[in-house]
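With the hints as a guide, bring the two chains together.
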Amino acid sequence: MKLSELEKKSGLKAVNQYTDMEIEGVYISDMVSDIITNAKANVILITLQTHKSLIAAANLVDVAAIVFTKGKKPAEDVVELASKAGIALFSTEVDTWVFASKLIELGIK
Amino acid sequence: MGTCIHKWEMADIRYGYLVVEGCTRCKGRSSFFSTEVVAPIDEYQEGEHFWAYFGSSQAVKFNLKCTECGKTTKLDDMVGLMMSTCDDPQCDVARIAKKEGRGTWVYVALCADSTHSSGKCVSEESIEALNEYFNQNIKVPGKKILIVPCSQCCSVDRCKGIVLADTGLTEIY
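Respectively, the protein sequence lines represent chains A and B. Residue 89 in my numbering sits at position 89 of the first sequence, and the numbers go up by one each step. Residue 1009 in my numbering sits at position 9 of the second sequence, and the numbers go up by one each step.
Chain B with its partners taken away, still in its complex shape (with noise of 0.2 angstroms):
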């Protein structure tokens, strides 16, 4: 089992909204996967923090499970993923995309605390089963997609990145 190379497929898809709230107080974000018909919009107290609804997105959640050795890996600590476009020299992720260079495009896995006050991130086994999925199926010479934990960034409101979520998607047609 633990010399599998895996062959991941995505497991136990389900769709929702991704809902972000801002905390009047610290300022700072949290957000949770919803799979309620319409997503929820409350504003509420919790301990030191008072949330408010800030938006939500039509958006997806899964794991992965290896189709070779039948291992599960859950993905539940992560509500999302970002394209990241971000340049800030302070940023971690932003030295890593220019450390990689051209054909690689780097994705920050995005967990429910922005702050990460409790100093949990999506987990690293979480991160590895995600790298090697998007990059097993890829079939562009040199192309490369590198998934980062959201903890390497440098502030969720400075650091500049594509949400993959259906955002305005009503307003299209």
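Chain A on its own, in the form it takes in the complex (with noise of 0.2 angstroms):
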């Protein structure tokens, strides 16, 4: 499914201007040293957390996009940061277990 698509279908905000593309899985982490050991290239994170090593990690790994739940909004520079590396922004009201629901409804895994 493409971040567009994925938009659209899961209600979520955009927080950044992105390069609409395919993805390729889903992770769940809030914990930086958790995503460079686990998170593949492609994927969605999904996390609360909304500190710029976050960014840092997602990009070494090459994270395609992050999902912040429960409403969390990301400073500034934060996402300067991200949109400088490519990755596409988006937030969503509802919390981790709730939106990860949505994505199995929709048959991302």
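Heads up, some of the hints might be wrong.
The calculated DSS-like cross-link candidates involving lysine-lysine, where the alpha carbons are at most 27 angstroms apart (straight line), are [as the list claims (entries may be wrong)]:
1. A:2 - B:1143
2. B:1139 - A:52
3. A:40 - B:1143
4. A:52 - B:1099
5. A:52 - B:1098
6. B:1139 - A:13
7. A:84 - B:1098
8. B:1139 - A:40
9. A:40 - B:1071
10. A:73 - B:1160
11. A:84 - B:1144
12. A:40 - B:1074
13. A:2 - B:1099
14. B:1139 - A:109
15. B:1071 - A:84
16. B:1061 - A:52
Hint data in this document are derived by calculation from the structure and do not stem from the laboratory.
Have a look at this one:
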């Protein structure tokens, strides 16, 4: 599924402008050390963490997009860094579990 | 073996704490990785240094193993990674980033001794393996990860960057 399709179907709000691309999986984590060791390229990362180090870790392993749950909003400099790195940022008001369930309903695993 | 085009995977993954200490006399910094349940907080003398606890964050250590030839590159000499955002014209890392241009992201492999008084830093072999590992899976065309040793930083206090560690994680909720 493409990012734009996911945005529409799951009710995500785009935080920055992004280049549309096919996503290849999902990873859920709030820990930078975990992201570095387990997240794969082209996945969407679901998290509560809005710190800059998360973007630095996501960029290192080539994450395609990040979804901030529970209405978390990253600071402007974090958005700027993600945009520079070509990482799409989205937010959703629902919690991580509800959003993950929605992804399963959409057939994304 | 020598001609293997390595396909690296992470091995011996250990989660723990990156503990940073500072010398109250020479102002040098030292860091080590601890797998203890709670990050150790100590003050002690070591030769001419008087080390005091500066802080800690959750972090990870790993080695790299080639799935083709079985070679393992131990990354014991690296305590962490930092995405460089340095723009100091006197800094080699900033110069490298500028020369590489858009699409290349420079990350600094941090060794334990910021003063490099022993003359040692993260080894060339480790740097080479890290570069191969982090670039082998990139799917974005034109994107490149460039890992450099921290001996190329202008100064640990001046060189700007984002350390990949879970600092302040408990504050997010």
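Against the structure, the hints:
With a CA separation close to 20 angstroms, the supplied pair residue 2 (chain A) and residue 1143 (chain B) stays within the 27 angstroms bound. With a C-alpha separation of about 22 angstroms, the suggested pairing of residue 1139 (chain B) with residue 52 (chain A) holds against the 27 angstroms cut-off. Under the criterion of a C-alpha separation no larger than 27 angstroms, the hint pairing residue 40 (chain A) with residue 1143 (chain B) is consistent with the structure, at around 15 angstroms. With a C-alpha separation of about 24 angstroms, the suggested pairing of residue 52 (chain A) with residue 1099 (chain B) holds against the 27 angstroms cut-off.
About 21 angstroms separates the Cα atoms of residue 52 (chain A) and residue 1098 (chain B), which keeps this hinted pair within 27 angstroms; it holds. Between the alpha carbons of residue 1139 (chain B) and residue 13 (chain A) the distance comes to roughly 25 angstroms, so the proposed pair stays at or under 27 angstroms and holds. In summary, the hint linking residue 84 (chain A) to residue 1098 (chain B) is supported, as the alpha carbons are separated by about 15 angstroms, within the 27 angstroms threshold. With a CA separation close to 10 angstroms, the supplied pair residue 1139 (chain B) and residue 40 (chain A) stays within the 27 angstroms bound.
Pair hint residue 40 (chain A) plus residue 1071 (chain B) holds up; C-alpha atoms about 22 angstroms apart against a cutoff of 27 angstroms. Taken as a hint, the residue 73 (chain A) and residue 1160 (chain B) pair is honoured in the structure, with Cα atoms around 24 angstroms apart against an allowance of 27 angstroms. Of the supplied pair hints, the one linking residue 84 (chain A) and residue 1144 (chain B) holds, its CA atoms being roughly 14 angstroms apart against a limit of 27 angstroms. With a C-alpha separation of about 22 angstroms, the suggested pair residue 40 (chain A) and residue 1074 (chain B) falls inside the 27 angstroms cut-off, and the hint holds.
Among the hinted pairs, residue 2 (chain A) with residue 1099 (chain B) is inconsistent with the structure: their alpha-carbon atoms are about 34 angstroms apart, more than 27 angstroms. Restraint check for residue 1139 (chain B) and residue 109 (chain A): the C-alpha separation of about 19 angstroms stays at or below 27 angstroms, so the hint holds. Restraint check: the Cα-Cα separation between residue 1071 (chain B) and residue 84 (chain A) comes to about 35 angstroms, which exceeds 27 angstroms; the hinted pair is violated. Between residue 1061 (chain B) and residue 52 (chain A) the alpha-carbon distance is near 20 angstroms, which keeps this suggested pair within the 27 angstroms criterion.
Going through the hint list in order, the structure does not satisfy hints 13 and 15.
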